[in-house]
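Chemist: Just so you know, the protein sequences line up as chains G and U, in that order.
In this text, residue positions in the first sequence follow the working numbering: the first is 1, and each later residue adds one.
In this text, residue positions in the second sequence follow the working numbering: the first is 1, and each later residue adds one.
It is possible that some hints are incorrect.
[Said to hold, decoys possible] According to the in silico footprint, chain G covers these stretches of chain U (three or more CB under 8 Å from chain G): (1) 186–193; (2) 210–221; (3) 249–256.
[Claimed, not checked] Chain G regions said to be covered by chain U (calculated; three or more residues, Cβ under 8 Å): (4) 180–187; (5) 192–199; (6) 213–223; (7) 253–260; (8) 265–272.
Hints are computed from structural coordinates only; laboratory data are not their basis.
Just so it is clear, CB atoms sit at the ideal spot from N, CA and C, and this is done for glycine as well.
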Amino acid sequence: MSVSVENLSVAYRSHRGDVTAVDNVSFALADGEIMGLAGESGSGKSTLGNALIYMDPRMKATGGKVAIDGAPLPISDSKAMRPLRMSRVSLVPQYSMSALPPTRKIRKLITDLLRSHHVQDRAEVLTELRRRLGLIGLKDDVLDKYSFELSGGMRQRVTIILSTLLNPSLLVADEVTSALDVSTQRAVGEMLLEFRDRGYVKSVIAITHDLSILAQIADSIAIMYAGRLAERAATDVIVNDPLHPYTQALIASLPAVGVRHDEVTLTGIPGRPPSLANPPSGCRFRTRCPFAFDKCTDTPPFAEIKPGHHVACWKVSQEHAVTATAGQEQPAPVLPVEPVLPVEEQV
Amino acid sequence: MTTVKLNEVSKLYASTSRAGGLTPALRKVSFELAPGEVISLIGESGSGKTTIGKILLRLVQPTSGSVTFDGKNIASYSTKGLREYYRQVQGVFQDPFSSYNPIYRADRVFDLVRSVYFKGVNDRDWSAKLDQALDAVALNPADVLGKYPHQLSGGQQQRLLIARALLLDVKVLIADEIISMLDASTRVDVLNLLVSLKRKGLAILFITHDLSLGNYVSDRTVILRHGAIVEIGDTAKIFGNPQHDYTKMLLSAVPELHKKWQHTPLGPVAASANGQGANGRGANGQGANGHGSQGNVASGAVVATVEAGADADAVTALAHASMLDELTHAEQVVKRDLRAVFGGNRAVASGRSQVAVALEPPALHEFEPGHLVAEPE
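In isolation and in its complexed conformation, chain U is listed as follows:
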């Protein structure tokens, strides 16, 4: 059993803003990916989902925690070991158009694989292997070989990259937003391809912000928020019975063809727009506790009047957008505190500082078998 496992992986990034400091991108994330399993990793921008992909591909080192592959810490690999690792673990990324060098033919990506991993293979065996890989992704070799990237559609490019991964002895595929740039008509083909690969025993980490796509392909789902897991479990259970408020909010915002959002008209605008600023939000004191964003939602940045909860959805979405705005502020506070810790300020080193609270992910408890939910943060 080839299993990839994350053990309490955290990652802090140095902030590029003038205020400096560190941004927690991941907070003690643990889960494992088994063969023949598709896990969808769902979260908004900044939730740390791409960082997880990068850490699994060893493009980024975790600040703490470890990733094991077959029980071996991937940080311990030598150059040769790493090459073997990449033979089994491969990634495909969001933008197929920038994954190719436009001045070379698209199938150069295969030649590069050959030059590293299949030096001894003769031309005939190689082309047989190539045909097999292209066949697996439902591409006709005559359509794609010898073409330049601009001559291929986005869907073809993306499938070519998956074929490239399949040439290797790949066991784990990290698919980071691989269909978000594709048209609806080709999107489904790539999704169905993932399903058929999974049935052949491939483990797939499907990173996406689109819940309906995640639900379509995955067996298990991980919902990430601010770098911590808020809900994890069987996809059917999470989508059928979401428990965390954040998951519920995400689900309520998904546009569906056959169900309309309940749009609540915003209340009348106050004569003085400035008066609204004082409406509970923006109070800096709230942000200062490092995780005050929840409170801001409740206090209602939006002046909408809620009619007996009928249109609670609409309010949540708008309020959430405002909450994200507030977050920048809360984040900055966290960053400042973090700098105090990592910059060697001894004062906060003792006891459970606010930073520790901010870094410590909310505790997970079991809601039902195969469905864990985080405490509200």
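Bound conformation, chain G alone:
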């Protein structure tokens, strides 16, 4: 498995004390797995992604371990992280369409980048760069352009190529499709698939609030709510058979193509996510959850209900415990998290 995250907690320093934006999150990624990370604004999904690459001065890891390709990833030590960035872990940042500097041509930007990462054989990397540009249908002459001369979709694709140029083990792609038109969105989504298939990136965490994009490109989906993981499973399980009430409500609120208001009335989720500065005790979704009961004031464990399907919900684990005993199956153990997909199924 290329990435494993165990009990990671990340907090922001603030005037009123630390705000824990990522709370005790555990997951693992198989080689070649694209994991979608979805949640509402403020759920901590971008914080989680950024923490794996770069902790800005306001952030600190308050617990947990991250390992990449079996070796620990020193996420709190920015100096030790520096040689690993771009080569082992890489980020396509949110708003990456504005990530390219306007005063440098793309070629200059890339050579600077390679020099600062002490890449020896720059000529070979540049040849590879041109090959990848050609692969996704961009002409070489984008290298001699300024970023503002490129369209939004071109900029997004150039940014992804830059981030993956040194074949990182983990790519964190933060809202890479959000600001794009549907057709460009699809091209960028397929580009991620293609880069994974070709081994340009080993595994990908795709952060977005758009579940329907994840349904297209992700192998597994993790749903985040108020700093914690609510549910994680293979994509078709999340889409067709979600167990956590939050996931179910999210899926139900999406209009499918062809659905009209006079046929089906969709419903949103009443209320809003809790403030992370002062989160409620127990399950954080309980104030909005139609199924909440007294046990929900305790924090539910992120338990493996079925193989590869983790849910943090008391109702689900109780129901499952009942069916499991009835069916003489093994009760759901609270296990350390394993990757959802075995490697063989990736291709």
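Guided by the hints, dock chain U onto chain G, whose structure is given.
Modeler: For chain U alone, coordinates are given in the frame of chain G:
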């Protein structure tokens, strides 16, 4: 019947690039919006959909053509007439977070409306009116009044702005991408609000690039491409049986939860990446006819091999992305030609110049009753 009507509205913007010239943002767009009707205006970035919204709100003057409201050209309004117009036609925009001044309380937007339109109304009547408007957008006054913008969620902010429009005697609402910045869980509430307003007789222009959202709320749909209408008609007919290639391409690219895209792996990369550049595209001669982008798609910028059309979708999407890249070039050519015309070059003034072709929208023909489709361009 209060109807807003666009009559062959065109808009040219001066280009900001070094090459100069003019960019056609709208090309003779005509349609009308009736009370109790939701029209979704769908197109990609640069298709001119926001420009239509701005022209309807008289924030931008059309280069040619006119907008009439109740049969009266909105360009003819005096200051007082314009104020009356805004009493009936209001807009809500994409980014609620930048629609408020962060140093004032959010409900200041109501006070501003009051100071212009309801000077004579006493406090008690005003607060009753306010409660009524907030009720219409399903907001609890205690939750939102007296709060600062950062204390409200995006959905609440957006609904507050709609409530502000409802305070007025609004007949037409221009909703420009109003839910694209909202979370999925609150998105639907705003959509359903639009539906309930429509049932009360409001005319709504719902501008979006998201086809599934457009389909959910609208009665009629207008698909825009490069500033011209390519398909217009009843939403059910357009989504059920899209005719124009562009509409089909847009629909095929919409991500759906329960249907996977057919992803075609791209073909093996040529040893020399440069060799690909010559692969039919990039031939400048093609761009020079001003509307050569279609040809580039066919010639296949992408080296994907298509297996008996099974995965045609995937190829279309990737090829389309490349087509958009090509467009920058074609556009520049159009711009140059336009400059020749509008810069007073007499040579092109005679006859049907290439610019005229570029500006003239593709002709619409009736595919079935209530469903018009443009000729391929």
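Chemist: Counting residues of the segment 249–256 of chain U whose CB is closer than 8 Å to a CB in chain G, do you get three or more?
Modeler: Result for this restraint: holds, n = 7.
Chemist: Has the segment 253–260 of chain G got at least three residues whose CB is nearer than 8 Å to a CB belonging to chain U?
Modeler: Coverage by chain U holds here, the residue count being 8 at a Cβ distance below 8 Å.
Chemist: Verify the coverage statement for the segment 210–221 of chain U against chain G, using a C-beta to C-beta distance below 8 Å and requiring 3 or more qualifying residues.
Modeler: As far as the segment 210–221 of chain U goes, the hint holds, because 7 residues have Cβ atoms under 8 Å from chain G.
Chemist: Is the coverage entry for the segment 213–223 of chain G by chain U consistent with the three-residue Cβ rule at 8 Å?
Modeler: holds (count 3)
Chemist: Count the residues of the segment 265–272 of chain G whose Cβ falls closer than 8 Å to any Cβ of chain U, and tell me whether that reaches three.
Modeler: holds (count 6)
Chemist: Residue count check for the segment 186–193 of chain U against chain G: does it reach three with CB-CB under 8 Å?
Modeler: Our answer is that it holds, as 6 residues pass the Cβ test (under 8 Å) against chain G, meeting three.
Chemist: Cut-off 8 Å, C-beta pairs, minimum 3 residues; does the coverage of the segment 192–199 of chain G by chain U stand?
Modeler: holds (count 3)
Chemist: Mind checking, does the segment 180–187 of chain G have 3 or more residues with a CB under 8 Å from chain U?
Modeler: holds (count 7)
Hint check: no violations occur; every hint is consistent with the structure.
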